[in-house]
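> As a plain string of letters, each chain reads:
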Amino acid sequence: MAEKVLMKGNEAIAEAAILAGCRHYFGYPITPQTEIAAYMAKRMPKIGGTFLQAESEIAAINMVYGVSATGKRVMTSSSSPGISLKGEGLSYLAGADLPALVVNVQRGGPGLGGIQPSQSDYFQATKGGAHGDFHMLVLAPASVQEMAELTVKGFALADKYRMTAMILADGTMGQMMEPVSLDFAVGEAVEKPWATNGTKLSRPHNIINSLILKPERLEELNFERYERYAKIKETEVMYEEYMMEDAEICVVAFGIAARVSKNAINEARAKGIKVGLIRPITLWPFPEKAIAAAAEKVKKFISVELSMGQMIEDVRLAVNGKAPVTLCNRTGGMIPAPEQVLAAITEAAK
Amino acid sequence: MVVFDKPHALTDAPLHYCPGCTHGIVHRLVAEVIDELGIEGRTIGIAPVGCSVMSYDYFNCDMIEAAHGRAPAVATGVKRSDPENIVFTYQGDGDLASIGMAETVHSAARNENITIIFINNAIYGMTGGQMAPTSLPGQVTQTSPYGRDTAHCGFPIKVCELLSSLDGPEYLERVAVNNVKNVKNAKKAIKKAFENQVNGKGFSLVEVLSTCPTNWGMTPKRALEWIDEKMIPYYPLGVYKDRSAEK
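Here the protein sequences line up with chains A and B, keeping their order.
Whatever position you read off the first sequence (first residue = 1), add 203 for this note's numbering.
Whatever position you read off the second sequence (first residue = 1), add 951 for this note's numbering.
These are calculated hints, taken from the structure and not from any lab test.
The beta carbon of each residue, even a glycine, is placed where N, CA and C say it ideally should be.
Please note that the accuracy of each hint is not assured.
Between beta-carbon pairs, the in silico distance windows are [as the list claims (entries may be wrong)]:
(1) K1132/B to K249/A: 30 to 40 Å
(2) K525/A to H967/B: 34 to 44 Å
(3) F326/A to H967/B: 31 to 41 Å
(4) Y429/A to A1102/B: 48 to 58 Å
(5) K1132/B to I318/A: 55 to 65 Å
(6) D1033/B to K249/A: 16 to 26 Å
(7) P1171/B to G314/A: 47 to 57 Å
Among the chain B residues that face chain A by a calculated CB cut under 7 Å, a handful are [to be verified]:
(8) G992
(9) R993
(10) M1014
(11) N1036
(12) A1053
(13) E1112
Covered, in the sense of this in silico footprint (three residues per stretch, anywhere, with C-beta under 8 Å from a C-beta of chain B), are these stretches of chain A [what the hints assert, rightly or not]:
(14) 250 to 263
(15) 401 to 407
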């Protein structure tokens, strides 16, 4: 068993990124994720890497675009309002099929919102995040350990599928401290023959581009991209099932909401209520098959979220009318207490 | 004996530019410099959004198409990825001096070791002739149909003068390509801007006063004269910063 170190979630992301071979980080200060930038500012110069504080979120994501175009692993991180600014770059990364890791440590919105934890960027993250037909891989950690593991996984998936992987965390995950083991396999580097790192006069020039003026060709490329997405939906879905074997009520929750829900489920079980949890780890691709399978035997679903109810739409699509789906939520930076979730479970059990 | 040949750094793709547009001249100058410095194999060009958006098809080196105004940020990423690479951006006035002003100013302030070729033709060409940040007072465009009214939408931005107030940039020069003498000077400036990068000196920007006969509503010949008559008096040619020369 590898030695564990006590780390903040944000620091675990930063250190895991370095372990994954990321040597370029660009960011702009915003609460509650600034520890990532601070960590990178300290570490990168010592390992021959680059930390650069950009003039804006827009510049930061475009610096990411530049490094990614040269074929190297690169990341940026921000929080909700900053991610909106990065939207342009996220769309261009998708259009140019460039891999990148982007971290969103969510805070309450809309607008400048607040600085307390939130999950209200679910729509933005899972439905594309900016203009055009595209998706990002969206990974939702529920512990500091997962903050690290999913960062490493995110880099690998991004390279494999030439797209952005987003860590969709929240302020709690970023700020909480837990013991972490940083001893995991990083995987092999992916060949990137498309990279614009100089022709060395030994090959035709490479072009990184998202401008496709012929609609027939743009349509073709979008179809090709969605074929890749279909493959991802088949092979890369990750979720955790907890006490689902005999469950009659299924709570669906991710991140901090899933941790709160587990506590409530344990208490409900103690009272004899057959309740379990499906915790999506990938939000896109969403574990729709697991939820559809559960809908064959579960009588009621409860979506627990730190938003006005965003993931619940995907839960309902997967349940497909086979059982009622209700929302148990707090928003604006508030976190549901286990008692609130327990009350929702108790109500559903009536 | 070959007395005139196409630079190796240019592809065989036919340019899409309008008759009389000077983008073709500037493309050629950039390509000649890349050839002369022998850097094509390690050069990465960043295309903007605007008329020269498709310049990625025209330069033989590796090319990246950036979002509107973001070329200096993309160039920063490329350069920081491998400082041995030579990185240039090729941007118009809307791209560089309007939507991308923050990226321009901050890459200059950081003295990012990149080369920027800035085409100032005082208009948005690709979208059909709207007012640019560099459109002259009184200039008629699609979005200033009664002439640019400075009381309503302010004054043009003089990029070289603006950036010269910063401590960061290594080299700033404004040139024009409307006659043989000016083209020769433009070539010298572009070469210096690339040499500076090769020698690790830092941020070098060459502002090139260029024509847009189509959207200016002029013949190509008249457009060349308009640069002398209207643009150069407002945008004087010359070196605005040369830190190495100052030392």
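> Kindly indicate which numbered hints from before are broken by the structure, ordering the numbers from low to high.
1, 2 and 13
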